[in-house]
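As you go down the protein sequences, you meet chains A and B in turn.
Take the first sequence: its letters are residues 1 to 94, numbered as in the UniProt record's numbering.
Take the second sequence: its letters are residues 1 to 156, numbered as in the UniProt record's numbering.
Bear in mind the hints are in silico, worked out from the structure with no lab data behind them.
Careful, some of the hints might be misleading.
SDA-like, lysine to any residue: derived pairs with alpha carbons at most 25 Å apart [unchecked claim]: (1) Lys-88(A) to Asp-124(B); (2) Lys-88(A) to Asn-69(A); (3) Lys-88(A) to Ile-46(B); (4) Lys-88(A) to Gln-126(B); (5) Lys-88(A) to Pro-60(B); (6) Lys-88(A) to Asn-78(A); (7) Lys-88(A) to Glu-125(B); (8) Lys-88(A) to Met-1(A); (9) Lys-88(A) to His-93(B); (10) Lys-88(A) to Ala-71(A); (11) Lys-88(A) to Leu-74(B); (12) Lys-88(A) to Ala-116(B); (13) Lys-88(A) to Pro-92(B); (14) Lys-88(A) to Val-121(B); (15) Lys-88(A) to Gly-90(B); (16) Lys-88(A) to Glu-75(A); (17) Lys-88(A) to Gly-61(B); (18) Lys-88(A) to Gln-50(A); (19) Lys-88(A) to Arg-117(B); (20) Lys-88(A) to Val-127(B).
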Amino acid sequence: MRIIAVCGSGIGTSAILKLNAERALGRLGLSAVVDASDLESVAVAASDAQVVLTSTELAGAVRAALGRNHAEIIEVVNYFDVDEIGGKLEASLG
Amino acid sequence: MTTPSLPDVAVHLGAHVDDWRQAVREAGRALARSGSTRAEYTDRMIAVIEEFGAYVVVAPGLALAHARPGPDVLREGLSVVTLAAPVEFGHPHNDPVSVVIGLAVANAEEHVASVARLANVFNDEQVIARIAGAASADEVRQLLGMGRSDESEHRS
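Input sequences plus hints: build the corresponding full structure.
Structure below.
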C-alpha cells in the first residue's frame, strides 16, 4: 500500500504529514509506504497510491492535479494530531 | 548529530502585526537576521501562501511559513515569531494564528531531521500555547529543545 503526503512546495508541511502518518499507521498496526510530494508532481507520485493526504486548503488543487487517478484524498486539519490522521486513515483503509 | 540552534535574533516575541503578510514578513526578517536567508526568501514564503492558500497553518494557532530551497537560502534555519494579537490567515479550521515558525532548508533531503524534531515537539498539543505565551527566547528554545549558539555546528 502506498500513501502520498502532499503540500504546495513538497517540503516542510508534507514532511510533517508523512512523519505523523507513519506514526499513525504504526499505532494502527498497518503497514504502508508514505512519500512526500509537491502539488506539481503529485499526479506521477500518486499513480500507484491508494491514499493522498493533504490539507483542506489544498484538496481542490490536489483533486484537479490527480485527474482520473482513483486515489482517495484525505483532508487533514491538524498536521500534528496523530489521532486525527490515524482515525481518517483507519476509516479509509480499514 | 549537532544540537540545532535558535539564536536570539531568530526569535521575535510579541510582534505587532496587522495581517498574515506582516506576520510572515517578521518570520522572514528573523531568518535573515540569523544569517539563514536573504530578504528575497521572505517574499517567496508569502508567495507560497498567495498561490496555495493558508495550508501552512498546520495546526490550531500555528503557521509554518516556508518556501522551496533556493539561492536565497544560505543555510538551514528556523525562526519563531509570536504575535501580540493573533491574525487570520484564512484557514477554515486553524485560525487565528498566534505563532509563526519560519523554516528555511537548503535542500529537500536535509530538512527531514529538523522537520522530525518539530513534529516531535508539536505532537504535544499544549506546546503552541506555551510558545505563544513565552516570555523569553530561552523559554522558546527550551520548549523546542534547541540550543542558542550555532557556532559549534558550523566549525567544520
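Checked against the structure, which of the hints given earlier come out wrong?
Hints 3, 11 are the ones this structure does not satisfy, whereas the remaining hints hold.
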